[in-house]
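Participant: Heads up: the sequence lines are chains A and B, in that order.
Residues 1 to 333 in UniProt numbering are what the first sequence lists, from first letter to last.
Residues 1 to 333 in UniProt numbering are what the second sequence lists, from first letter to last.
Just so you know, not all the hints are guaranteed correct.
As the list makes no split between identical chains, a pair holds if one copy fits it or if it spans any two.
What the hints assert, rightly or not - No farther apart than 25 Å at their CA atoms in a straight line, the calculated lysine-lysine pairs in the DSS-like style are these: (1) Lys30 with Lys134; (2) Lys317 with Lys241; (3) Lys310 with Lys213; (4) Lys163 with Lys301; (5) Lys167 with Lys317; (6) Lys304 with Lys139; (7) Lys30 with Lys122; (8) Lys74 with Lys104; (9) Lys39 with Lys54; (10) Lys107 with Lys122; (11) Lys163 with Lys310; (12) Lys320 with Lys167.
Since the hints were made in silico from the structure, they are not lab data.
Number of protein chains: 2
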Amino acid sequence: MKLAIELAKKGIGKVSPNPLVGAVIVKNGKVISTGYHEKYGGFHAERNAILNAKEDLRNSELYVNLEPCSHHGKTPPCTDLIISSGISKVYISILDPNPLVNGKGVKKLRENGIEVHIGLLKDEARYLNRVFLKYITQKIPYVALKVAMTLDGFITDSLGNSKWITKENFEISHSLRNFFSSIMVGANTVLKDNPRLTCRNGGRNPVRVVLDKNGITFGKELNIYDETARTIVFSKNCINKMECYPETDPESILKRLYSLGIDSVLIEGGADVLSQFFDYADEMHLFYSTKFFGNGLSPFKGVKKFVDEKRAFNIRKVLKLNNEIYLEVVRNV
Amino acid sequence: MKLAIELAKKGIGKVSPNPLVGAVIVKNGKVISTGYHEKYGGFHAERNAILNAKEDLRNSELYVNLEPCSHHGKTPPCTDLIISSGISKVYISILDPNPLVNGKGVKKLRENGIEVHIGLLKDEARYLNRVFLKYITQKIPYVALKVAMTLDGFITDSLGNSKWITKENFEISHSLRNFFSSIMVGANTVLKDNPRLTCRNGGRNPVRVVLDKNGITFGKELNIYDETARTIVFSKNCINKMECYPETDPESILKRLYSLGIDSVLIEGGADVLSQFFDYADEMHLFYSTKFFGNGLSPFKGVKKFVDEKRAFNIRKVLKLNNEIYLEVVRNV
Numbered sequence: 001m002k003l004a005i006e007l008a009k010k011g012i013g014k015v016s017p018n019p020l021v022g023a024v025i026v027k028n029g030k031v032i033s034t035g036y037h038e039k040y041g042g043f044h045a046e047r048n049a050i051l052n053a054k055e056d057l058r059n060s061e062l063y064v065n066l067e068p069c070s071h072h073g074k075t076p077p078c079t080d081l082i083i084s085s086g087i088s089k090v091y092i093s094i095l096d097p098n099p100l101v102n103g104k105g106v107k108k109l110r111e112n113g114i115e116v117h118i119g120l121l122k123d124e125a126r127y128l129n130r131v132f133l134k135y136i137t138q139k140i141p142y143v144a145l146k147v148a149m150t151l152d153g154f155i156t157d158s159l160g161n162s163k164w165i166t167k168e169n170f171e172i173s174h175s176l177r178n179f180f181s182s183i184m185v186g187a188n189t190v191l192k193d194n195p196r197l198t199c200r201n202g203g204r205n206p207v208r209v210v211l212d213k214n215g216i217t218f219g220k221e222l223n224i225y226d227e228t229a230r231t232i233v234f235s236k237n238c239i240n241k242m243e244c245y246p247e248t249d250p251e252s253i254l255k256r257l258y259s260l261g262i263d264s265v266l267i268e269g270g271a272d273v274l275s276q277f278f279d280y281a282d283e284m285h286l287f288y289s290t291k292f293f294g295n296g297l298s299p300f301k302g303v304k305k306f307v308d309e310k311r312a313f314n315i316r317k318v319l320k321l322n323n324e325i326y327l328e329v330v331r332n333v
Numbered sequence: 001m002k003l004a005i006e007l008a009k010k011g012i013g014k015v016s017p018n019p020l021v022g023a024v025i026v027k028n029g030k031v032i033s034t035g036y037h038e039k040y041g042g043f044h045a046e047r048n049a050i051l052n053a054k055e056d057l058r059n060s061e062l063y064v065n066l067e068p069c070s071h072h073g074k075t076p077p078c079t080d081l082i083i084s085s086g087i088s089k090v091y092i093s094i095l096d097p098n099p100l101v102n103g104k105g106v107k108k109l110r111e112n113g114i115e116v117h118i119g120l121l122k123d124e125a126r127y128l129n130r131v132f133l134k135y136i137t138q139k140i141p142y143v144a145l146k147v148a149m150t151l152d153g154f155i156t157d158s159l160g161n162s163k164w165i166t167k168e169n170f171e172i173s174h175s176l177r178n179f180f181s182s183i184m185v186g187a188n189t190v191l192k193d194n195p196r197l198t199c200r201n202g203g204r205n206p207v208r209v210v211l212d213k214n215g216i217t218f219g220k221e222l223n224i225y226d227e228t229a230r231t232i233v234f235s236k237n238c239i240n241k242m243e244c245y246p247e248t249d250p251e252s253i254l255k256r257l258y259s260l261g262i263d264s265v266l267i268e269g270g271a272d273v274l275s276q277f278f279d280y281a282d283e284m285h286l287f288y289s290t291k292f293f294g295n296g297l298s299p300f301k302g303v304k305k306f307v308d309e310k311r312a313f314n315i316r317k318v319l320k321l322n323n324e325i326y327l328e329v330v331r332n333v
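Just chain A, same shape as in the assembly:
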């Protein structure tokens, strides 16, 4: 199953808003075939593994990190193919929460005499497909915030300067841009930093989302309006030349993104945007430099939480990167 999950990761940045799925077929204790969901609209992992097999699959075992589909979607149901292949046991990490599947795949397999085990590496499988699981059940994109700050929590010093608080670990930053299907910033950040918001470690570019209520970036020569990636703008003053929508509050913006098939958004700043979306954040990626400013701009200055409130986030990962700390926290659900 570990191998299945590793294979599934190869689909990162390519299958959205589909789930990341890998499949491994084992016979007599040996891996005899593998497959994964390679791109949106392409064959499912199970189908690829079965098609890749060069041996007779009778009495073999299939390991797959998500329940096989039992419905006709862009491709025919995987359960039928599994049944006809002769595979005798199926190990599944988690059920597919998609109401079109959700247990029906398992039921169909069992009705056809296949032994099915559920739960192997379920935490890893849930983490891998956290975007899909939210998108499909809550009909809203998965929201990640990214903040680079000092150890005393400032994203700019008292003069408003922020370049560079952290060295922004290149590998992690750009992996995030590949993992999430869109990246959001506010208009002030666009004007101040003129970011490209592209993925520069070989991944595909995320859709760029700009919150520009008053249209202050319009008509300006800015990197986000170049041709390297799709850019979506939210503004009260939409103009013709761009893909622009009128929503201005976080909830409506997220719903619009969902309706556009965008399953996840990485929010990179500034403080106004981070604060607006604080309560929607599913996870945060926090980079701390070992500086202290004493005074400056706080990332969530528009938020007011109190000491007696329940802890909203848990630590998922802590890394020491040279002289910086990288922290991944996830909402406590």
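Fit chain B to the given chain A structure using the hints.
Facilitator: Chain B alone, transformed into the frame defined by chain A:
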């Protein structure tokens, strides 16, 4: 030498302002005796190790994390004893910066035909005796700051509440109180939290230091004025019943503590005191809860540093404690 350093640690909280020293004697590849500096005024580690030996020490090797003394202090010079013992080789981690010793110990040993090697585990040895090394060379106590804050850097929420931002890992907090010989807080913290500032994991209590410029804590029933530990107050309005000194600026306060034989101070807050001593901090112990307040009190609100300034601190340790992060940073020297 590893063992010598472990033995030296047994003196934590007991030998101040002397250094922490352990000694191990090895003969034919076997440890035949050990010793450490057990308490202020007591025998040095080398002497204890030699006295504890039950075998002939000729052709044995001594491992000690600090250069043996060559001067008459509270006890006679260790070098003489080492020479007369028959020990043939001495491994030393670091030289004693005390001008009374500083290389003279090594010279004396070599002049008497003993082979001396310097530098084994020198980083560990320097870290272990960082308080002594500063105290003896700079004639000022070693300064450590301790801060408990949210991931966005607030020590209180916007209502001023701080109990409890972090669960304050008991083991680490009280080990710090045992390690440092004094603990400092401001008068407002004393009035607000009425802390005891004692060491409650079996160590000895640090000297309590209260900065109360205007005497607002005087005449009140407060835990810091109980009999469990010595309390030193700094105030413009000293009154008779207490140990009180008139200094109010950080530099003079530290000099006074030095003159009182206090080799180190752990500063626990609040923001005014932390800010005043920021530039004197040799290291910081930072505890982060996984909360975010958005707004509140910053630990160094009286400090103003800028993004283009040189990084002042390096990371020495990162720990994940349940759902909190503990970070030890040290001034970049």
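Participant: Since the copies are identical, ignore which copy is meant and state whether Lys74 and Lys104 lie within 25 Å (CA to CA) inside a copy, between copies, both or neither.
Facilitator: Answer is within: at 18 Å inside a copy they meet the 25 Å cutoff, but 83 Å across does not.
Participant: Check Lys39 against Lys54 for me: Cα-Cα at most 25 Å, and say if that holds within a copy, between copies, both or neither.
Facilitator: within (23 Å within a copy, 75 Å between copies)
Participant: Between the shortest in-copy and the shortest cross-copy C-alpha distance, which are at most 25 Å for Lys304 and Lys139: within, between, both, or neither?
Facilitator: Result: close neither inside a copy nor across copies, 27 Å intra and 45 Å inter.
Participant: Checking Lys317 and Lys241: alpha-carbon separation at most 25 Å within a copy, between copies, both or neither?
Facilitator: So Lys317 and Lys241 fail the 25 Å test inside a copy (42 Å) and across (52 Å) alike.
Participant: Is it within a copy, between copies, both, or neither that the alpha carbon of Lys163 lies no farther than 25 Å from that of Lys301?
Facilitator: Answer is both: 19 Å inside a copy and 21 Å across each meet the 25 Å cutoff.
Participant: Within a copy, between copies, both or neither: which one fits Lys30 and Lys134 at a CA-CA cutoff of 25 Å?
Facilitator: Neither way: Lys30 and Lys134 sit 35 Å apart in one copy and 62 Å across, limit 25 Å.
Participant: Could you place Lys320 and Lys167 in one of the four classes (within, between, both, neither) given a Cα distance threshold of 25 Å?
Facilitator: Result: close both inside a copy and across copies, 13 Å intra and 23 Å inter.
Participant: Between the shortest in-copy and the shortest cross-copy C-alpha distance, which are at most 25 Å for Lys167 and Lys317: within, between, both, or neither?
Facilitator: both (19 Å within a copy, 19 Å between copies)
Participant: What label fits Lys30 with Lys122 when the C-alpha limit is 25 Å: within, between, both, or neither?
Facilitator: Within one copy only: 22 Å inside a chain, 51 Å across chains, cut-off 25 Å.
Participant: Regarding Lys107 and Lys122, is the shortest C-alpha distance of 25 Å or less found within a copy, between copies, in both, or in neither?
Facilitator: Close inside one copy (19 Å), not across copies (65 Å); limit 25 Å.
Participant: With identical chains, the pair Lys163 and Lys310 could be close in the same copy or across copies; at 25 Å between alpha carbons, which is it: within, between, both, or neither?
Facilitator: between (34 Å within a copy, 13 Å between copies)
Participant: Is it within, between, both, or neither for Lys310 and Lys213, if the alpha carbons may be no more than 25 Å apart?
Facilitator: Result: close neither inside a copy nor across copies, 33 Å intra and 37 Å inter.
Violated hints for the displayed structure, listed by number in ascending order: 1, 2, 3 and 6.
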